[in-house]
Amino acid sequence: MPLQVFFLRRLLLTIPLLIGITLVSFIIANAVPSDPVSANIPQNAFDNEEIIAAFRAKWGLDKPPHEQYLTYLGNLLRGDLGVSIKTSKPVLEDIRQFLPATIELASFGILIGMALGIGTGIIAAVWRNSLADYLTRSNVVIGVSFPIFVLALIGLNLLHVQWGIVAGPGRLDFIMRDPPNVTGLFMVDAALAGQWDKFSNAFSHLILPAFVLGSYVAGIIARITRSSMLEVLGMDYIRTARSHGLHERRVIIHHALSNAMIPIVTVIGLSTANLMTGAVLIESIFAWPGIGRDAFRAATSQDFPAIMGVSILIASIYVLVNFIVDILYYFLDPRIRVA
Amino acid sequence: MRYHLRNHPMVLVGLLVVFGWIVVALLARGLASHDPLAKDVSHRLDKPGENGHNWGADALGRDIQTRVLHGARITIPAGIAVIIFGSIIGVLMGALAGWLGGLWDELLMRITELFMAFPTIILAMAITAALGRDIRNAIIALVIVWWPSYARLIRGIVLEIKHNEYVDAARCAGATGPWILFRTILPNSIAPAIVLMTLDIGNAILTFAGLSFLGLGPPPTSSEWGSMVNAGLDNFSQWWMWLFPGMALASLVMAFNFIGDGIRDIFDPRLRRD
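If you read the sequences in order, they're chains A and B.
The numbering of the first sequence is numbering that gives the first Met the number 0, which starts it at 0 and goes up by one.
The numbering of the second sequence is numbering that gives the first Met the number 0, which starts it at 0 and goes up by one.
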């Protein structure tokens, strides 16, 4: 199958899914017993029907649900996600402000998770039943079982409060001003502006939350890497490669790992969901001004436009990542190309 | 059974820890030295070991150990409730999709996929926020998030076994559709769902505690472990306030995961980690 056809077919499949995501968010935000009016109007205005009516009219809460949904969908296609009830700013503007912080955190997190997960997974598979293997296997269970918010607090207490190795919550020290905004990723922006003190400060703030987030997905990646590598290492072509006298490192990296990558890539794609779950918890602990914290703020203040905007965004990121994973299969697995 | 336990010693450890926590949950009133809600501001933030507070006291002088022991009464039933209700809905949806096939299958599976597209906590947060914050609503939110994986699993199995000869035999014997589905097909497809339940329960407990940690579960006064950790944030240097409930949570989830891993190995040799 040519790449274009494969790409187009997968792309078409995501469209109904994306529309469905908007529908689910809309239903949750609207078909529930709670009333956004009571959450967003001061208590002393509860009896004032004029204020309540004005509020309902302003946010379109007085129209029937299907009209609200179609209006929302139409606006969404034009890039208008509505206005946040709580911040009074367009939801898209809030998202644009908060997204880079989460991208910076999540991409560092997934890199650390991949390095730890794939690395320990390979070691555990190559030296099967060794001490390293047992340690990896028990670490996997501990890693997936340990509450991420407790791990974050332990890390913060030891590494920041007690030993002072890393910086504390926030993206930069309080006395520092943000680097000139280009990408919104502080480390990249600081590097572009040549402000290396800000670069190292941003890194010092980022490393602990990213590590905690990474350890959350590392366990899952390590488990699948180990089992996938074990399966491949038992194949005939590995024995053939070894009997050809290839260096063991070449056998493992080129012949085994590249063939074991499909399930690993799948799990990395699926881990984005875990990563976003982790981001909500981590961002609220580390006062990280990202999408996760915004989602939490929206959820606790029943800010429905923001809840819908953020959940649609996060679910779409998840769908997009898994779309990319499917495209990667095309390159990783020649069988898909032939089929 | 003894053979399996010998080969999977961690299952035994997990069973012991879970059993221990269940006993604690049942006997919390008798085991605890204090009242979990009794405030004693003269002993606020007592360090572990001070004034009869073995694990210290919180900002209102409440005994941490007592509250952790009582917390088991909330967290364990909540996790089990999520798994039981989630799996019942999921199994029914999956069985119907697989059995009815055609348009129904397509419809039910697309709905399932939609729910799976949302990261668990985001969807649960939105639902809890909408329903209102309390334990019951947190459980309802998690059930709504939890059923799709069961639906997908059971649908696949039902599709596989509905063409088996014993199903044809039941049909020839005059059995009606629902009878075949509930008496012939479901009993034969339930084992993988039980394995998934044991693998999942730790995760359900973690997510429930995560919701409480965010303040979207039980009220802040509750001794639920997640909300206790959250309460410790305001007194971060008083590590005993968040570490003990956190470790209680970790030990319980770890124990469930050891059991789940072992049971998966025992029930399904194809999925064995080795």
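Keep in mind that a hint or two might mislead.
Quick list of in silico lysine to any residue cross-link-like pairs, SDA-like style, CA-CA up to 20 angstroms [stated by the list, open to error]:
hint, chain 1, residue 1, chain 2, residue 2
1, B, Lys-46, A, Gln-161
2, B, Lys-46, A, Leu-157
3, A, Lys-85, B, Ala-174
4, B, Lys-161, B, Ala-174
5, B, Lys-46, A, Lys-85
6, A, Lys-85, B, Lys-161
7, B, Lys-46, B, Leu-25
8, B, Lys-46, A, Lys-62
9, A, Lys-85, B, Arg-132
10, A, Lys-62, A, Val-23
11, A, Lys-85, B, Gly-131
None of these hints come from the bench; they were simulated from the model.
Because the structure is a prediction, the values reported are computed rather than measured.
A quick look at each hint next to the structure:
no., hint, in the structure
1, B:Lys-46 to A:Gln-161, "17 angstroms, holds"
2, B:Lys-46 to A:Leu-157, "18 angstroms, holds"
3, A:Lys-85 to B:Ala-174, "59 angstroms, violated"
4, B:Lys-161 to B:Ala-174, "14 angstroms, holds"
5, B:Lys-46 to A:Lys-85, "40 angstroms, violated"
6, A:Lys-85 to B:Lys-161, "52 angstroms, violated"
7, B:Lys-46 to B:Leu-25, "27 angstroms, violated"
8, B:Lys-46 to A:Lys-62, "57 angstroms, violated"
9, A:Lys-85 to B:Arg-132, "19 angstroms, holds"
10, A:Lys-62 to A:Val-23, "19 angstroms, holds"
11, A:Lys-85 to B:Gly-131, "18 angstroms, holds"
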